[in-house]
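Colleague: In order, the protein sequences belong to chains A and B.
Sequential numbering of the first sequence, starting at 1, is according to the UniProt record's numbering.
Sequential numbering of the second sequence, starting at 1, is according to the UniProt record's numbering.
Hints listed in this document are in silico derivations from the structure and should not be mistaken for laboratory results.
A hint or two may mislead.
Any copy, or any two copies together, can satisfy a pair, since identical chains are not distinguished.
Said to hold, decoys possible - Below, a list of computed lysine to aspartate or glutamate pairs in the EDC-like style, where the Cα atoms sit at most 20 angstroms apart:
#: 1; residue 1: K306; residue 2: E400
#: 2; residue 1: K306; residue 2: E277
#: 3; residue 1: K99; residue 2: D115
#: 4; residue 1: K306; residue 2: D14
#: 5; residue 1: K303; residue 2: D230
#: 6; residue 1: K303; residue 2: D329
#: 7; residue 1: K99; residue 2: E447
#: 8; residue 1: K6; residue 2: D198
#: 9; residue 1: K42; residue 2: E394
#: 10; residue 1: K42; residue 2: D115
#: 11; residue 1: K147; residue 2: E355
#: 12; residue 1: K160; residue 2: D88
#: 13; residue 1: K42; residue 2: E447
#: 14; residue 1: K147; residue 2: D384
#: 15; residue 1: K372; residue 2: D14
#: 16; residue 1: K147; residue 2: E326
Since this is a predicted model, take the numbers as computed values, not measurements.
Protein chains: 2
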Amino acid sequence: MIPSKKQYWHIEPDRGLLNDPNGLSWFHGLYYAFFQWNRFEKNHSHKEWGYCTSPDLTHWTFHGSALLPDQSYDAQGVYSGSALVIDDALHLFYTGNVKQDGQRRSSQCLAISTDGQHFLKTGPMFTTPDGYTEHFRDPKVFYAGGKYWMVIGAQQRTGKGAIVLFSSSDAQHWNLVGPLAQSEACQMIECPDLFLIDDTAVLLYCPQWRDNAHDLALHSFAAYKLTHFDTAAGTLDDRNLDDNQHLLDQGFDFYAPQTLQTPDGRRVILGWMSRMEDAQEAVFCQNEPRIHCLTMPRELFIKDGKLCQRPVRELSTLLGATVSPERSDSGLRFAPSHRYFRLMLEAPTGCSDLELSFGDGEWRFIYDAQQKVGTLTRRSWVQDGEETRSFALETCTALELWSDQSSIELFVNGGAHVLSARVFPTASQPDLRISGIDARTTVQVNELCMNEN
Amino acid sequence: MIPSKKQYWHIEPDRGLLNDPNGLSWFHGLYYAFFQWNRFEKNHSHKEWGYCTSPDLTHWTFHGSALLPDQSYDAQGVYSGSALVIDDALHLFYTGNVKQDGQRRSSQCLAISTDGQHFLKTGPMFTTPDGYTEHFRDPKVFYAGGKYWMVIGAQQRTGKGAIVLFSSSDAQHWNLVGPLAQSEACQMIECPDLFLIDDTAVLLYCPQWRDNAHDLALHSFAAYKLTHFDTAAGTLDDRNLDDNQHLLDQGFDFYAPQTLQTPDGRRVILGWMSRMEDAQEAVFCQNEPRIHCLTMPRELFIKDGKLCQRPVRELSTLLGATVSPERSDSGLRFAPSHRYFRLMLEAPTGCSDLELSFGDGEWRFIYDAQQKVGTLTRRSWVQDGEETRSFALETCTALELWSDQSSIELFVNGGAHVLSARVFPTASQPDLRISGIDARTTVQVNELCMNEN
């Protein structure tokens with residue numbers, strides 16, 4: 001029997017298709033994670049906001065629908081957006097999508113909730129300004145320097161991608177500031193997010209390559225750049241999205257991330273854990289009521305001029321019993337009770353060649369000390385063979401792996417590199433093997449346990 | 001261990017509180033059953049329309065939210081209403097409820113769907129006319145005599161209940177015809193429904209007694225009367241709701257019924273299977289994620305000048321193996337595998353005293369041939385003791401009982417009387433005993449089996 005793909009501790013809906021995280025926020029003592037949701041089918045035929053809440057970023061309660069496409073201005077989709085608490089009310093900013101006679105129209109819309117359950121739509125705030133096509137979406141709103149700011153992912157009339165900036169004194173009436181940053185390479189930017197960590201402006205964005213002649217999406221990934229934001233002028237020091245562009249995640253499945261700020265000031269990111277192709281989706285969700293989940297919440301921080309990620313500390317409440325290893329000449333073998341567990345590996349002086357493998361070939365991570373390359377491999381579930389993701393890795397001193405029923409998230413060297421991947425469960429007996437470690441390397445594996453809270 | 005109350009074959013949501021059936025309809029090859037739903041809590045703090053669909057009135061797929069309270073005109077509740085297919089689009093008519101500063105305002109609203117998944121709100125059609133308080137709700141729309149008609153449950157300014165009639169040529173612009181029927185006894189009418197069976201107009205309505213000084217609901221039940229509807233004048237022959245008033249159900253739990261017409265012309269009714277008090281609700285849903293369900297769909301027909309009900313024939317697809325009885329001096333004992341089963345008892349020449357009992361006192365039905373009274377008794381789950389419902393019953397020639405995990409629906413004499421009741425499961429081993437039957441009486445018990453369809 002093939003094991004279920006139902007995740008144990010990640011956010012996923014009870015049915016249908018989830019994509020982008022939306023409206024991540026903290027309101028009245030709870031974290032809110034909204035998400036793009038098709039309740040009806042495991043495809044993109046319907047877009048609404050579903051949501052769940054959590055007191056601790058770890059234990060989530062699923063609430064179903066938050067915003068339905070029920071108005072003339074959002075009838076073909078309540079598209080992605082963000083949330084901000086203003087005057088003790090949760091403000092949801094989203095793109096209302098309309099498609100009529102093959103024509104797309106976008107407007108940036110607002111819904112307000114005073115109780116976190118009833119979201120009162122107040123309607124469109126503005127439509128697409130001159131100079132941009134109707135690929136104009138994903139408003140992310142933040143407050144800085146005495147003003148509200150909104151960044152929007154856009155396609156310029158030139159056919160190239162851009163991020164557009166608006167400002168407002170009340171978060172309802174918006175003034176176009178102008179293009180905040182532009183790309184000459186890609187045809188669209190999706191899901192921008194701009195925030196400060198100390199004095200550094202972190203810009204998250206998803207460059208998307210499109211076939212403009214046929215209005216088709218071709219390829220995309222999640223990126224970031226570090227720069228400076230002038231809140232007086234509303235400008236970035238570095239406005240070139242193609243330059244100083246870094247991947248947010250080195251794995252297979254990470255897209256459309258969004259951040260929120262916790263009450264104690266941490267900047268936390270969640271992404272959509274998918275870059276699956278249609279064929280992968282079709283096989284992955286066979287006999288499953290749902291497809292896709294969000295990544296775990298991760299705290300962002302800057303170290304050595306690089307954006308790093310680590311699991312939010314609240315997740316440690318999931319840690320259960322330590323799993324004892326079986327030792328052999330070739331290394332260690334762990335047999336946790338379930339497919340969900342956490343591994344911590346520390347090699348203070350650096351690993352030589354290292355191999356971590358799971359479930360008889362479901363996935364493995366190899367560090368090649370000679371080539372200075374890290375490689376994640378997973379077995380393809382669409383055809384015979386494997387897929388790999390490799391990245392430059394000077395030394396390998398620490399691995400932190402969080403596994404769930406059908407995904408892994410691997411933090412390398414304290415979160416300097418992160419790799420997210422859905423995996424296709426085939427092994428009925430979890431079996432984690434580690435080879436290539438020496439006596440100075442410590443390894444600990446813990447069960448994960450979702451106690452009712 | 002107390003058995004779960006989760007129903008096996010009735011419509012109930014996965015969580016929260018369900019009440020009135022709404023928008024019952026047949027559209028694009030599926031039956032639609034919407035319902036009043038609070039997803040968040042097992043109380044009445046939130047009102048939206050949830051829904052499920054079925055190809056056969058038997059196997060239902062739950063879809064979650066259909067209409068959310070997300071507009072200024074329905075922010076405090078998408079209240080009850082009905083559906084009608086017009087020009088190949090499903091039209092949903094509902095009451096938008098607003099409460100501000102303790103003041104209630106009602107408007108009758110419309111939402112339209114062309115696909116049965118996206119319900120586009122077009123806004124309020126009209127507000128409460130002069131002569132009525134804001135207890136003005138539950139629009140039921142039908143087509144007859146070349147016009148659309150809407151009946152609405154109302155409270156007159158006099159403080160007395162009424163049903164108000166509107167007419168329209170397009171089902172969007174409505175003209176007040178006037179009060180269709182009135183009560184001198186009660187303070188409000190809820191959930192009216194008017195339809196024809198052959199030439200007889202059947203008027204369903206729920207008289208509600210209120211404390212008008214404190215605007216509180218006190219008592220209510222589901223009733224009907226048979227009369228004649230003049231589609232030219234928009235009048236009933238008998239406009240007195242207090243006269244010729246009959247109970248729709250002799251049991252404990254039946255309210256706010258609504259009907260739909262099947263494609264083959266049958267008139268089918270579903271009710272909210274509850275008249276529970278707060279204290280009953282509190283105990284019943286302890287350790288359960290949900291409370292309340294709809295009744296089974298029942299076909300209405302008129303026999304001997306009386307409105308009768310029988311299970312829709314599609315439910316017979318649930319019938320599984322016949323359960324063999326154990327015979328003893330005192331009668332028959334059946335031990336079906338589950339708490340859900342169907343019993344058919346036929347006594348062509350009439351029963352003398354008869355007793356049907358289940359689960360060591362959970363419930364029993366007794367026919368007293370001398371007193372000519374039928375009595376349903378169930379064990380109270382709030383206090384020690386029992387509750388009873390009795391009704392006049394000249395002879396008892398047939399019983400048809402449909403049991404689910406925590407409810408029974410009993411059809412007496414071919415549906416001349418129906419008794420609906422939630423029951424509190426305590427018996428772990430289902431055990432149905434029948435005494436007082438003679439050799440001419442046939443009894444058959446069948447398991448119910450919800451095959452995937």
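Colleague: Quick one: which hint numbers does this structure break? Sort them smallest to largest.
Modeller: As far as the earlier hints go, 2, 4, 5, 6, 7, 8, 9, 11, 12, 13, 14, 15 and 16 are violated by this structure, in ascending order.
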